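**Student:** The residues making up each chain are set out below.
Number of protein chains: 2
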Amino acid sequence: MTPALICLDWGTTALRAFLQAADGHVLDTRASAQGIMALDGAAFPDVLRAVAGGWVQAHGPLPVLLSGMVGSRQGWVEARYVPCPARLADLGAGLVEVPDPPHGFGPVAIAPGVLMDDDARPDVIRGEEVEVFGALALLERSDGLFVLPGTHSKWVHVADGAITHFSTYLTGELFAALKGHTILGRMMTAEAPSPEGFRRGVEAACTLKGPGALLARLFTVRAMGLTGRLAEADSADFLSGLLIGAELLDATRGHVPFTLVANPALTLRYEDAARLLALPHHRAPAGCGPAGQLAVARAAGFI
Amino acid sequence: MTPALICLDWGTTALRAFLQAADGHVLDTRASAQGIMALDGAAFPDVLRAVAGGWVQAHGPLPVLLSGMVGSRQGWVEARYVPCPARLADLGAGLVEVPDPPHGFGPVAIAPGVLMDDDARPDVIRGEEVEVFGALALLERSDGLFVLPGTHSKWVHVADGAITHFSTYLTGELFAALKGHTILGRMMTAEAPSPEGFRRGVEAACTLKGPGALLARLFTVRAMGLTGRLAEADSADFLSGLLIGAELLDATRGHVPFTLVANPALTLRYEDAARLLALPHHRAPAGCGPAGQLAVARAAGFI
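Each protein sequence line maps, in turn, to chains C and V. Per the numbering used here, the very first residue in the first sequence carries number 1; after that it's consecutive. Per the numbering used here, the very first residue in the second sequence carries number 1; after that it's consecutive.
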């Protein structure tokens, strides 16, 4: 099959690269830890050459599409956010070309992020929106609620082919901060996962009442330990279940079906929580990232 | 006036000592940074001698009452928790004497903490309960809702002279962990306080809906910064207002009057938030700590 496009999902801490045929077949992949905050002094063009130089040597000057934090103010070239509601065509129209692409490469373009320009609750997304359009393409759908678990979980609402609304949950980063830098972490020395602790945490999330309840429930994790009600070995996963459970209940309002996209390790955790909460859900097929990048490149007339 | 009792409120990071007359007059005070986790190798008797040795040299072998984390498993001698509902007499009955008090001192006793032995939401308190009994004595009351702001805020319900229920909010420690160890802290470089940021944060707390909403609202602090809606100089106090507002609304259910006890710096912050939320509240007089310790010593027949 003939390669037609090189795609990079270039985030803060890592990047993944795909060599794609025009019909969406992924012919080759690469991964690197050189996220935009981990370049170790290398310039963006050097990293692109190191990761994908072999592909253009073998196949000629292919076009390159980049998505993710590489388009932020701290990235290679800034690709400004497009506003909600955002369709595939809006992302395509927001593509920004990199001046002077590295020798041997075709044109290099960066996809924009999406901005929810809401005075009371603004939000931003950069990279995950491309995966959502990939999920829509692979599932042949034009609406739904999609979650991309991560350090910052993104919940994305799609209606009639447009991203209408999204919400970022700080769950993963909050878990790490609580475990690493508060009194709760003192009991969390266990390495092994605890499905039982996770289950109890998710159940505890169901009993929360009101917006501030979590602030008090967090301390009871310690009090449960002090009173012998929670084993040290279960405590980290209890906290994880409590936070993920609270996130799922909030984002789905307790009933809206949702689709899980990407992130294999966290996806299992979110699936477990959804099952325990009896929330309707399913998992998007693998490959939403490159599928979305191909769709954006097409919408932009980039290939 | 004749000194009758030496009291120490001996916490994790600091201690305060009081020389009291039998009628409650505080004749002298001392403070030290040698909390039980900051002894720097010193033994508990050495610290007591350094802080209060001058008092017994001048006035003879006075009895000493200790409260706070000094009675925990990590303290001098463990004084086990008494269960809720807990009256002054229960605290008195739970007093534990230190074997071999340092030379020149009278008997040294440690007050117990209080345990809420609830399977679903256990909680513990150690030190603040003594201040609550001091507030009741000074205010000549036997019921009410009391808050002791701190790294861990304690909300204590008192009915008919007994602590019936209490709840610990991790608010202060969560704020520090979010500011110091998540992406939110990157914009929080300002040193000066921002009443405007605090006000906006408290108002944002009012708009939260449901137990998991806070997890999403936290990220919008960053998005507000990225979109120019929140100045860096206002961001730390916005977060503080958001968390304290959520705590106040949860603990008071939005209407129950409460009394603020101790902690001058945080008390102002909690008063500001309560005013913004139109929550009925007042401030307990100074000196609740030693007043409570005297009351416990009397209830125990210790003096």
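The set of hints was computed from the structure by calculation and includes no laboratory data. Among the hints, a few may not be true.
[Claimed, not checked] With a Cα cut of at most 27 Å, we get these calculated DSS-like pairs of lysine-lysine:
#1 K179/C <-> K179/V
#2 K209/C <-> K179/C
#3 K209/C <-> K209/V
#4 K179/C <-> K209/V
Computed from a prediction, not measured in an experiment: that's the story for all the values here.
**Student:** Now look at each hint and say whether the structure bears it out.
**Tutor:** Do the hints match the structure? See the list:
no.: 1; hint: K179/C <-> K179/V; in the structure: holds, 15 Å
no.: 2; hint: K209/C <-> K179/C; in the structure: holds, 23 Å
no.: 3; hint: K209/C <-> K209/V; in the structure: holds, 10 Å
no.: 4; hint: K179/C <-> K209/V; in the structure: holds, 26 Å
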